[in-house]
Amino acid sequence: MLLRALLPSACRAADRCAIPSNLARYSVALAAASRRRFKTSASSQNATSAAHQNHQFQESTPDKLNKVLFPGALGGSFYTESLHFIKDYPTIPTYRVLNTDGAVIVPDSDPNLSKDLCLKIYKDMLTLNAMDTILYEAQRQGRISFYMTNYGEEATHMGSAAALSLDDMVFGQYREAGVLLHRGFSLDEFMSQCYSNELDYGKGRQMPVHYGSRKLNFQTISSPLGTQIPQATGAAYAYKRDGKKACVIVYFGEGAASEGDFHSGINMAATLEAPVIFFCRNNGYAISTPAHEQYAGDGIASRGHGYGVATIRVDGNDVLAVYNATKEARRMCVEEGRPVLIEALTYRVGHHSTSDDSSAYRSKKEVTDWQKTDSPVTRFRKYIESKGWWSDAEEASWRQETRKQILKAFAEAERKKKPAVEELFTDVYGGEMPWNLKEQKEKLRAVMEKYPVEYDTSDFTAGLRS
Amino acid sequence: MATRRIALSVGRKFVQKPKSLAACACLQNRSYASSSNNHPDAASLPGLATSKILRSSRDQVFATPELKHLGGGETAKINLYQAVNEALHTALAKDDTAVLFGEDVSFGGVFRCSMGLAPKFGADRVFNTPLTEQGIVAFGIGLASAGHTAIAEIQFADYVFPAFDQLVNEAAKYRYRSGGEFSCGGLTVRMPCMAIGHGGLYHSQSPEAFFAHAPGLKVVIPRSPIQAKGLLLAAIRDPNPVIFMEPKILYRGAVEQVPMADYTLPLGKAEVLKEGKDVTIVGWGSQLYVLETAIAMAEKAIPGLSCELIDLRSIVPWDIETVANSVNKTGRLIISHEAPQTGGFAGEIAATIQERCFLRLEAPIQRVTGWDTPFPLAFERFYVPSAARCAEAIKDTMSY
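Chains A and B supply the protein sequences, listed in that same order. Sequential numbering of the first sequence, starting at 1, is according to this note's numbering. Sequential numbering of the second sequence, starting at 1, is according to this note's numbering.
I should point out that these hints are in silico values taken from the structure, not numbers from a laboratory. Note that the Cβ used here is the ideal one computed from N, Cα and C, for glycine as well. Among these hints, one or two may not hold up.
Unchecked claim - In silico DSBU-like cross-links for lysine-lysine, where the CA-CA straight-line distance does not exceed 30 angstroms:
#1 A:K382 to A:K418
#2 B:K329 to A:K443
#3 A:K327 to A:K123
#4 A:K115 to A:K404
#5 A:K115 to A:K327
#6 B:K300 to B:K395
#7 B:K94 to A:K215
#8 A:K215 to A:K408
#9 A:K372 to A:K387
#10 A:K245 to B:K94
#11 A:K382 to A:K372
#12 B:K329 to A:K441
#13 A:K123 to A:K416
#14 A:K438 to B:K329
#15 A:K244 to B:K120
#16 A:K245 to A:K215
#17 A:K382 to A:K115
#18 A:K244 to B:K94
#19 A:K443 to B:K269
#20 A:K120 to A:K438
#21 B:K269 to A:K441
#22 A:K245 to A:K115
#23 B:K269 to B:K52
#24 B:K52 to B:K68
#25 A:K244 to A:K327
#26 A:K443 to A:K416
#27 B:K269 to A:K438
#28 B:K277 to B:K395
#29 B:K68 to B:K269
#30 A:K382 to A:K365
#31 B:K120 to A:K245
#32 B:K277 to B:K68
#33 A:K123 to A:K408
Unchecked claim - Per label pair, the in silico range of CB-to-CB distance:
#34 B:P65 to A:G72: 53 to 59 angstroms
#35 B:P65 to A:E454: 43 to 49 angstroms
#36 B:L377 to A:E81: 41 to 47 angstroms
#37 A:D356 to B:W371: 32 to 38 angstroms
The shape of chain A in the complex, shown without the other chains (with noise of 0.2 angstroms):
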């Protein structure tokens, strides 16, 4: 009705002003369905004009007229003579708190957060540091089968972890130990884990470092990556659906954000309006691929803006930028029911893993010079010694303790069996075990008790159960 009424002289050519009547009610659906995403106001047509700086779209009258009524206009479209291809996009820009000095850049950026929780996060550091060398180092001597170091991420870790509470279902890939060791997984469990002994919650099925913890709120890790993406989604339509007050966090790599199921879950999470924060730890490295060689377009947080989504990138490597990051990508979940991508972009110091010499892909020379220049441990550290609240002698002394206790909980979880073979056939189903399993651990059984030698159970606290 309202396109009607503006037809008669607001029209240059008779063509482009003819609306069929049966279209116009789509403009009111349209604006409907655009208030969330996109603003169709004026204001947002310039924004959108600006963006493209180098090229002026040559419009027709800027009018209601001009809007596009297709039902997959969402995002309130206009239309153009000009025969323009967009080729660059407006590069979105990093935020941070703190320089590479620790100092804070504009100090009501500043979260002020307790000395507490500051030294929390700081011993969380340098404890993640000194239990990945260890047991880095024990891989290497054959006392475990695999690690995974988390050196150049810590202040993802824990800069997100802090801002969350344990109402918030985590999702990682797995290199997010920080977050665990910041709710308070202790060295124990992590060594159990990597030990696969007989404390170890995953009953010594997975590899090292896939850490799960229901207490925790933090989901097992699986190996196959970005599978836990689109699953955060489930998980966070299911606290909206609970009115739950929290929200999910899905931790992944640029790496994995290539994978189909990313694309999946963050426009599932978008057209559902789920409560969850899409974390990407862009490292540079998937493996041994840059990410040049990954994608194309400005990062992930690029995405966001085709996913409709909030989207934000920080400076990965500032505990405090990621922390008010997230504190508000938090609120806006859970105060506005919607999911928000956070790029945080980080440099990866170790190898991928165990299993990788990056010297191979990269200089060493490259990576100590970003270790050199910019430290999330270092920056953060002199932003505590700014408040007075660090030195070097409770460093040294830190480092010891933490040490210590490190290397306790390790000797401890290697002295421990493994659980006992009986849990190779158990939780393969919820409810009763089905016959093909009871059969076969029969078979199992007459055969390990044929071949005792080949079929050594003293590592594990119990053969199979009768």
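Guided by the hints, dock chain B onto chain A, whose structure is given.
Using the frame of chain A, we list chain B on its own:
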């Protein structure tokens, strides 16, 4: 013309005593209640119209051992998609956490299985998702891992493969790999399957064998409306991720007197549909009607022949006891499925039964299956394990 009018009048008498219709949610939209016999799909499955497998009288229904405990009660003469609809209504009504989602489920679904659900339970519980099977299944896993009941619909079994990683690597292993800290038992993934007469490569597949090979999953295939409702409710309530494959040719073509009560049928249990002494014949889904026809052909050709027909119902875990007991009685086994021969589930049954019943077998175990080709359009009736081929297999087995 005359036939159609009779069909309609029969249709109106679809509820036998007691008369109240209020309970049957699917019949709210009466224009979708149809009787079976004239449906074009039925032409592709000739045995369906006159099958004795379908329970068309209340007495038959409540005489069956698994439904006896209901002790009578309301029934409605409904088809398979209406029975699925009934089960979904019940599941959503009784479980506040239950949600149904997938492509096009909101308006009622391309096979009408979700009719009336969105208006009744709301758009937050019954909703469309974007077009992404990997996303649909993963979303369901996430919901289930948070303790909710997730009923995912994949539009055709032929399109489940983008979700293969999520089903095999994630859903199947969720409980095991976490040591029981987490699970996704609340997940049920429904999908139409099998031949429809004109489906070709991508609207006819039977992918049950792929998923039977992933420990941790359950796979269930109903043969009829009564089975569909009971097995689907059992699948939804089972503490494991279940793949529920609905033979699409039966959606409108198969009609039974379905109890309106909330009932379940057991997973992992086969059902003997026809007792016999000479040969055991195992099948599932729509193939059972083909086998029924084949048995009639063979029993006519060989006087005195009596064949035992078993509906496997659950592909994994499957009911080896019922099949083995039957083969120990008859000494002969034929397994038939539409899916291609190589790697098909008949191979698994054959291997296991020959282990168990080797000395009892009087003849090699036979498999009558689709050929090892993609599912062709123009050649469908040459491709499928037809009644003729099945009847020949029976005769070959008997004359070995």
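Ascending list of hint numbers which this structure does not respect: Result: hints 1, 20 and 37 break, sorted rising.
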